[in-house]
Structures are given as C-alpha cells and as structure tokens.
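So the sequences go chain by chain: A and B.
FYI, the numbering for the first sequence is 1 to 109, going by our numbering.
FYI, the numbering for the second sequence is 1 to 114, going by our numbering.
For the record, the hints were derived by calculation from the structure and aren't laboratory data.
Some hints here could point you the wrong way.
[Said to hold, decoys possible] A partial selection of chain B residues facing chain A, derived with a Cβ cut-off under 8 Å:
| id | residue |
| --- | --- |
| 1 | Gly40 |
| 2 | Met41 |
| 3 | Gly42 |
| 4 | Leu43 |
| 5 | Leu45 |
| 6 | Tyr48 |
| 7 | Val50 |
| 8 | Gly58 |
| 9 | Tyr64 |
| 10 | Asn65 |
| 11 | Phe90 |
| 12 | Glu102 |
| 13 | Gly106 |
| 14 | Pro107 |
| 15 | Gly108 |
[Stated by the list, open to error] Keeping only pairs whose Cα atoms sit at most 25 Å apart, straight-line, the calculated SDA-like set for lysine to any residue is:
| id | chain 1 | residue 1 | chain 2 | residue 2 |
| --- | --- | --- | --- | --- |
| 16 | B | Lys14 | B | Arg77 |
| 17 | B | Lys57 | B | Pro96 |
| 18 | A | Lys42 | B | Gly53 |
| 19 | A | Lys42 | B | Pro75 |
| 20 | B | Lys44 | A | Gly16 |
| 21 | B | Lys44 | A | Tyr51 |
[As the list claims (entries may be wrong)] Label pairs and their in silico Cβ distance ranges:
| id | chain 1 | residue 1 | chain 2 | residue 2 | range |
| --- | --- | --- | --- | --- | --- |
| 22 | B | Lys44 | A | Gly9 | 17 to 25 Å |
| 23 | A | Lys45 | B | Asn28 | 38 to 46 Å |
| 24 | B | Leu80 | A | Asn55 | 32 to 40 Å |
| 25 | A | Glu15 | B | Pro96 | 23 to 31 Å |
| 26 | B | Ile15 | A | Gly16 | 49 to 57 Å |
| 27 | A | Leu74 | B | Leu80 | 42 to 50 Å |
| 28 | B | Thr112 | A | Asp57 | 35 to 43 Å |
| 29 | A | Arg1 | B | Pro39 | 17 to 25 Å |
| 30 | A | Arg59 | B | Glu102 | 13 to 21 Å |
| 31 | B | Asn30 | A | Arg76 | 42 to 50 Å |
Note that the coordinates shown come from a computational prediction; the quantities given were computed from them, not determined experimentally.
Backbone N, C-alpha and C define an ideal beta-carbon position, used for all residues, glycine too.
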Amino acid sequence: RKEVEQDPGPFNVPEGATVAFNCTYSNSASQSFFWYRQDCRKEPKLLMSVYSSGNEDGRFTAQLNRASQYISLLIRDSKLSDSATYLCVVAHTGNQFYFGTGTSLTVIP
Amino acid sequence: NAGVTQTPKFRILKIGQSMTLQCTQDMNHNYMYWYRQDPGMGLKLIYYSVGAGITDKGEVPNGYNVSRSTTEDFPLRLELAAPSQTSVYFCASSPPRGRTYEQYFGPGTRLTVT
Numbered sequence: 001r002k003e004v005e006q007d008p009g010p011f012n013v014p015e016g017a018t019v020a021f022n023c024t025y026s027n028s029a030s031q032s033f034f035w036y037r038q039d040c041r042k043e044p045k046l047l048m049s050v051y052s053s054g055n056e057d058g059r060f061t062a063q064l065n066r067a068s069q070y071i072s073l074l075i076r077d078s079k080l081s082d083s084a085t086y087l088c089v090v091a092h093t094g095n096q097f098y099f100g101t102g103t104s105l106t107v108i109p
Numbered sequence: 001n002a003g004v005t006q007t008p009k010f011r012i013l014k015i016g017q018s019m020t021l022q023c024t025q026d027m028n029h030n031y032m033y034w035y036r037q038d039p040g041m042g043l044k045l046i047y048y049s050v051g052a053g054i055t056d057k058g059e060v061p062n063g064y065n066v067s068r069s070t071t072e073d074f075p076l077r078l079e080l081a082a083p084s085q086t087s088v089y090f091c092a093s094s095p096p097r098g099r100t101y102e103q104y105f106g107p108g109t110r111l112t113v114t
C-alpha cells in the first residue's frame, strides 16, 4: 500500500471557483503533514503545513483528519496563477518525507 | 542566500558511465535529502543526511552513493548508469525539527541515460 495517495486529476476549474483536494496516508504514526506546490518542470515549494486544528492562509485552507487518515486542501476564488500540481507530503517520527504523486490543477479563464 | 543549488542542470549519460550530482546549501541546515521524480510520479527519497558524516538510505538507494563531509555539501554519485536512472533529481535541505520544518528544494538536475 502506498504511503500517500492522491487523486491525480486533472482538475479543470473556471476562475473564481472553489476546488478541494484530498489525500490519504497509510501510517497512523505519521506526525507532520504538508501541502507543496510544483509548477511545471520546477522544484516543489511549500504551500502550507497542516495542523490538527486546521489552518488557513488567505484563500487556502488545510484540514487534517487523523481518525480517517486524510488531509484536505481547499482553494477558494481560484486564480489563473493557482494552476500547478499540488503535492501531499507526510513525515513520520524520523526524517523521511513521503510524497504523493500530486494532483494537477488548471484554472481556466 | 542562494538557498539550495544543484549542478549540472542537464546531463546525458551513456549506459555504464558514472557521474556526480552536486548539491550545496548556504542556510546552515542540518538535514539534506536526495529525491528522484519520474514523469507523473511523486518524489522518491534516495538518501538523506542528518548532519556531516551521517547518511542513511531512503526508499530507492540502489545504484547511488552519497557522502556528507561538510554541512553545506551533499553530492550524489551514480555508478554504472542505467536507463532506469533517467529522471529528475532534486536535492533538498531542512532545519532541525520544530513545530514546522519546511524542506527547501534545489532547481533539479535532469538526467537522461541512453
């Protein structure tokens, strides 16, 4: 079973739409959770960490459900510049990070 | 700060050749990582290091070697290159764990083995 699973998409949404991505993880001992953004042929960059209480950064909201072992990312009022691949990342107690395969988002004018 | 730098940006190798991918960070981070990313796939950890002189295997270490003689540098060595090693290689670093410990990535090295 994969450590981290994501729906690869693609998600094609109009500007201004709200879109949500989910991600599941297999190891209940996982301790840290992140969403990274990766533009085409570029390196991943941290979008936001995900905390148990949930957290929000502008138009982006991340939630963690430990009981069901899933993480979500909600993007409100989508912009053209949000088009990218969104990577769900999980870390255990050690120093290894596990990446999902990513969910592709295209925001259409 | 330059952050994490990687060289070369692109490389074509013949089967059986060897090469070293260079990675340097100037943020005084303890932790450094090497990943590979195949098309349409997530990043897979090859090796990581928690400090100078300490390295450990990740998910896919076969065919690779690393060393960490300084805090700044973490080179990845490919011996006897094979077509299966065609990939994009990313180096990353992170500070010691706290409430959040972001990984900072280099721009990647695109390697083709033919």
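Cross-check of the supplied hints:
Residue-level restraint check for B/Gly40 holds (minimum Cβ-Cβ distance to chain A is 7 Å; threshold 8 Å). The interface hint given for B/Met41 holds, since its Cβ lies 6 Å from the closest Cβ of chain A, which is under the 8 Å cut-off. Given hint, B/Gly42 at the interface with chain A, holds; its Cβ is 4 Å from that chain's nearest Cβ, closer than 8 Å. Here the hint on B/Leu43 is kept, as its CB sits about 4 Å from the closest CB of chain A, short of 8 Å.
The restraint placing B/Leu45 at the interface with chain A holds, with a minimum CB-CB distance near 6 Å, inside the 8 Å limit. At its closest, the beta carbon of B/Tyr48 sits 6 Å from a beta carbon of chain A; the interface hint therefore holds under the 8 Å criterion. Among the interface hints, the one on B/Val50 holds; its C-beta lies about 6 Å from the nearest C-beta in chain A, closer than the 8 Å criterion. With 8 Å as the threshold, the beta carbon of B/Gly58 comes within range of chain A, its nearest partner Cβ sitting at about 6 Å, so the hint holds.
Below 8 Å, beta-carbon pairs count as interface contacts, and B/Tyr64 has none with chain A, the closest being about 16 Å; its hint is therefore violated. The closest approach between the C-beta of B/Asn65 and any C-beta of chain A is roughly 18 Å, which is over the 8 Å cut-off, so the hint fails. For B/Phe90, the interface hint holds, the least distance from its beta-carbon to any beta-carbon of chain A being 6 Å, beneath 8 Å. At its closest, the beta carbon of B/Glu102 sits 5 Å from a beta carbon of chain A; the interface hint therefore holds under the 8 Å criterion.
For B/Gly106, the shortest C-beta to C-beta distance to chain A is roughly 6 Å, which falls under 8 Å, so the interface hint holds. Residue-level restraint check for B/Pro107 holds (minimum Cβ-Cβ distance to chain A is 6 Å; threshold 8 Å). The interface hint given for B/Gly108 is met, as the beta carbon of that residue sits about 6 Å from the closest beta carbon of chain A, less than 8 Å. Taking the CA atoms of B/Lys14 and B/Arg77, the gap is about 15 Å. The hint holds against a cut of 25 Å.
Restraint check: the Cα-Cα separation between B/Lys57 and B/Pro96 comes to about 19 Å, which is no more than 25 Å; the hinted pair holds. Of the pairs offered as hints, the one joining A/Lys42 and B/Gly53 is violated, with about 30 Å between alpha carbons and a cut-off of 25 Å exceeded. Simply put, A/Lys42 and B/Pro75 have alpha-carbon atoms about 20 Å apart, close enough for the 25 Å limit, and the pair holds. This hinted pair does not check out: B/Lys44 and A/Gly16 have alpha carbons roughly 34 Å apart, beyond 25 Å.
Between B/Lys44 and A/Tyr51 the CA atoms are separated by roughly 24 Å; this keeps the pair inside 25 Å, and the hint holds. For the pair B/Lys44 and A/Gly9, the beta carbons lie near 20 Å from each other, so the given range of 17 to 25 Å is met. Checked against the hint of 38 to 46 Å, the C-beta distance between A/Lys45 and B/Asn28 comes to roughly 20 Å, which is inconsistent with it. Roughly 46 Å separates the CB atoms of B/Leu80 and A/Asn55, a value that falls outside the hinted 32 to 40 Å.
Between A/Glu15 and B/Pro96 the CB atoms are about 41 Å apart, so this pair departs from the stated range of 23 to 31 Å. Distance hint check for B/Ile15 and A/Gly16: the Cβ-Cβ separation is about 51 Å, which falls inside the suggested range of 49 to 57 Å. Roughly 47 Å separates the CB atoms of A/Leu74 and B/Leu80, a value that falls within the hinted 42 to 50 Å. The hint said 35 to 43 Å for the Cβ distance between B/Thr112 and A/Asp57, and at roughly 38 Å that hint holds.
Judged by the Cβ atoms, the range 17 to 25 Å given for A/Arg1 and B/Pro39 holds: they are separated by roughly 23 Å. Between A/Arg59 and B/Glu102 the Cβ separation comes to about 20 Å, which falls inside the hinted range of 13 to 21 Å. Our hint of 42 to 50 Å for B/Asn30 and A/Arg76 is violated, since their Cβ atoms are close to 37 Å apart.
Comparing the model with each earlier hint shows violations of hints 9, 10, 18, 20, 23, 24, 25, 31; every other hint is respected.
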